Amino acid sequence: MNKKHYVALSCAALMSLVSLAGCSQNTTALEIDGEQVIVSIENDGSKETYTANDLFGKYLSTTSGASAAFDAVYNVLIRKGVPITQEISNEVATQVAEIQQDANDNASTNGTTYNEELSKLLESNNADDLSDLSKIKELNLQKSKFEDDYYENQIFEGTMTDSITASENENQFSQYYLSKEFIKNENPYHIRHILVKVSSSGDSFLPAAQTISADEAKKLANTIKDLASPSITYGQVAQSYSDDGSVSSFGSLNEIMGRTTGYVDEFKFGVFQFDAYHNGNVTDGAATLGIPEKVRVSDNDTNSVNAKDVMDSCVKYIPYSVADQLLQYAETTKDIDGANVKDGKETYYPRNILFNYYFNNHGLSFIVRGEAESVVNNENFKHFDNLSQSNEKKDDILCDENGRPILVTRAGTGSGDSGYQGIHFILIENSPLVNEENLGKEGYTYSVEQELKYYSINVPRTNADISKDKRYVTFIDSQRGDYSDRAGEIESAIKSYDSNIRFRFYEKIQDDLKNQGYTVKLDDRIANSINTYISSTRAQSALSRKDNYEDSWEAYLRKLITQKEFEGTKIALNNIKELKFDANYQDAK
Amino acid sequence: MKKRNLLAVLAAALLVGCSTEIEAKPNYVSDPLVDVSGNSGVEEIYNNEFTDLYDALVDAGSSNSTIVDHLVSQIAKREIGVSSSDPEKADLDKLSYPSLNSVKFLGDDSEEEFQKLMDDYMVDLVYGGGYTKNSYFQEEKFAREQRDALYTVLDHDNEALNENFGEDLLLVPDLTFDELFPENGRERYKDYRYKVVAPVIYKRLLTAKYLYQNKYKVLGRAAARNVRIVELDNSSIKDKTAAIRTINNYIGGFLYAETSGANDAATYFPGTADSDGHYNFSVDSIANIWKGVWEDDEDPQAIKEKDFIDGTKEGTKTNISGEKLYTRATAIDEDLDKIATKSTDLEGNDSYTLKEGLDLDNATITDTLSKYTGSYAYPVDWGVTLAKREILIDDLVEDDFFVEKNGLTNLPSSIRSRLFSMNVANNLVTVGKTTFLMPEKKINPGSTSDDEGEETTKNLVCTDTASCISQAANLYHYDADSSRYFVVLVDQYDYSTADLSGGDQDGTDTAKKAKAIEIAKILGENSSYQQDALIHYFKEYNIAYHDDDFYSYLETTYPDIFEEDE
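Chains as they are written, first to last, in our numbering: chain A, 1 to 589; chain B, 1 to 566.
Just so you know, these hints were derived from the structure itself, not from any lab.
Every value quoted in this text rests on a predicted model; they were computed, and no experiment measured them.
Keep in mind that the hints are not guaranteed to be accurate.
Okay, the calculated bits of chain A under chain B, using three or more residues with CB under 8 Å as the criterion [stated by the list, open to error]: (1) 47 to 53; (2) 67 to 75; (3) 205 to 211; (4) 566 to 572.
Yeah, the Cβ is synthetic: ideal placement off N, Cα and C, and Gly gets one too.
From just these sequences and the hints, can you work out the full model?
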């Protein structure tokens, strides 16, 4: 139906039924009991009508109708609730003038008239005329202002030394509520990693798929050796070796990792696993992170397995000396007599046997000191109660220069240009479950307040002393521009946390108007429609989020069980000796 | 958009007469969407009128087809009529009108019949896909879809936003509405049913009535058949005679039981006899035997079928050949035998572990590994679970009433043409109480589509097991192009024009009327007939148009409405 004006004759309120012939001669306007009729049917003396009121009611019961009603009401509230400042007025004038100028320019370019071109531009802006255009531009600027102000109030912008309170049960419009909710529900992590890409296939546990090049073997080995070197920091190793874009930020990801971040399961859940089960500074980690307790592996109820057991069974310890062996055998493809082994199958090259045996682990791995002479007194290796296999030095775990363990996992997605396959060396720069102030204390619970400060979007001034203001933004002692970029990453994560943020705006503007002394009352006809739309959309989003998270865990745990099942297909290490690649070969210890 | 001055438009309209189009709008178009009142009363706010929202919705939506659908439902309610015997069922009464026609398209309890049709519609939706996880139906998925569309759906605790939808359900064939939507599903989905499903049913019924009253000959030409069909697909099974051995044993056992008169007649047939001594030929049982997996292994019929598959038990034959039959589950077992070791716990649960020393250079081995691990995404145990579920949920049986138009389109054309032939009786043979559609020629295993095959015979009496097995070829159909076997039972086919004579609205034969209406209801699902019905009733009803755009839409979309009848 078009938008042309209707001759309602509704001014003739006294008339209960009015007729007027339409242009087609086949239509007559009809109004019954004050409602304008679109069509009526009559049969056996009984009359049935369908009115415009009926049609509108039908629309409002649909998602698209309710969504349109929501937008329309939100726009009205914004128009009333957000003052039109001089700045907004000036900007509107500028934008309208630009469109007029564009119309002039286009007319000149296209050989048309100003009015023709203006008409096109107005249509593309969904405006009736210049006055309407101004109103549309004005509304857009009011919205931007309102939404910016909302975020300013909702996202913490202080420093680590600021004192704030972080009650969990407070009004949703009180300060930093969105930041707090993000921290509590998304469990944000600040992660660094070094990625060593490999050419092996990611979708098979069979040895034939797990072959790497000599250069990849060397890079993998050198990464480990440099990570163990006391004279090089983790960040410097990242800058030297990482095949990821984070190479320029000392391995720091340019994105906060939370529950819903779309990282490969091995990476994200490996970190969660560490905090839940191996980090002595965390209690109730599994519950906080929502890790499932069981995973089902058949229709047989008794065949469900404990999720923690599955993850524990895949924790691997890679002796440091494997790095030496990888370097030693990187180029070796023939036996000591120069002959092909097993018909020259790459699978049997020593570097591939070592890679598949030690590194092809989609669970968590750790580099341990082992019995290598060269690291016997290396202080980068440390003991962790919930992680080390024993108190012996050989079981100490490789850490960064600050004594934090380095998590290793095999992960990837796709192949070639459409993805990557590789080994991640992960460092948890900041865990939401560890409150630095409470490290090592008994009865620890994680602190929203601490994390609120850590993910503050405060941008220090140039050359500011940030030694006591260690946050995500200030992680890299850098220029103001970089701080701003990192603050933007936080803002982006928090803003995208709630896919239904527009509902928060809607509620906030109503709240603001009430605080300004206005009474806001929605027409009953659309109030129900909008309320149903909001509650339904929110509920469905929450459930989808929960389901997706649980499905990801299920898939990850099943993959680990599968990996465990295929453990026996790996080519044994002693083949390196038995196939005479090296008469003196000994397994890494 | 600027506010409109209705009075100005009105004045213009009165002056220029026909230059103004008629467009109906809600009578509150000038009302504000939101009342924002301050100290100085209600505030004037730009674009705060219903008219802007209404115009935008009408421009973006499909208002005209919405109105047409509404009219069809309204006409259907008048034409069909649904009445409730239960005065408390006021909701449906709101939708219903007394039947204005003497022909009853719904039975005495029309509300229950109407509800049942809505049940069936929802069941079909479930089987249409999209609501399962690992072959289990998740009602919450279905409910979410409706809730997303703003319909009120209550969970099992009658909560509109919570999600207690009970246990997931393995989506085996033939689950009922109450099984899929327990805890009073009709009530819990009432909003969705009345807003979405009821109009679909009304349209079908209205079309059925149109055909019955105005195109009665169409019903007789529809070639309606009441059939039971089982399909065994041998294409992905390496043993190329697996399906035929299953069928030969089942049909052979049946013929032996029905015709041999031998003392051990019932020994080889896994079905029961009725009080007349005739055996129940079950297409479902053939399907189960071919599948070789059961949801409930302890069910007595399942035990019978398992014995039948085994061929012998304690030295005695349990099927007519005494041969162990190959099933789809056997194919899984064979696959697994290459890669895994089975162990069974005390409760009889099987589990699988990978064999040691697998030849990973053997493509058959690695392909099988990949197949049962979803390309290494899950363990073999889970792969077996999923594979067996896939078999269980596979529906190999058709058991319904079909017409030639759009019916049983999955059947090979040679079978369809014999089934829907006007002379179908010539193609049938009855054994006991079971009527089979015979193939044109007997096709032996390994035949190609070019082979002519042997002549069939209707003389199916056999006296010994071997001859009974050999007679089976007269009763199954083989499609060489797709390696599929079919057994087609025809329970009723007397729906021809002659058969329906006297069943029209002026007729007196109530049995024939019932048959004709049954066919009309099936044909009522056809969109082409639905359009014919719409045009017919729109012409018949005195429809008055009060909106130029809607009139123009009908004129363009359904020009026949405005054509004079010849």
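Going through the hints against the structure:
1. 47 to 53: Held - the region 47 to 53 of chain A has 5 residues with a Cβ nearer than 8 Å to chain B, which meets the minimum of three.
2. 67 to 75: holds (count 5)
3. 205 to 211: holds (count 4)
4. 566 to 572: holds (count 3)
This entry satisfies every hint, going by the numbered hints stated previously.
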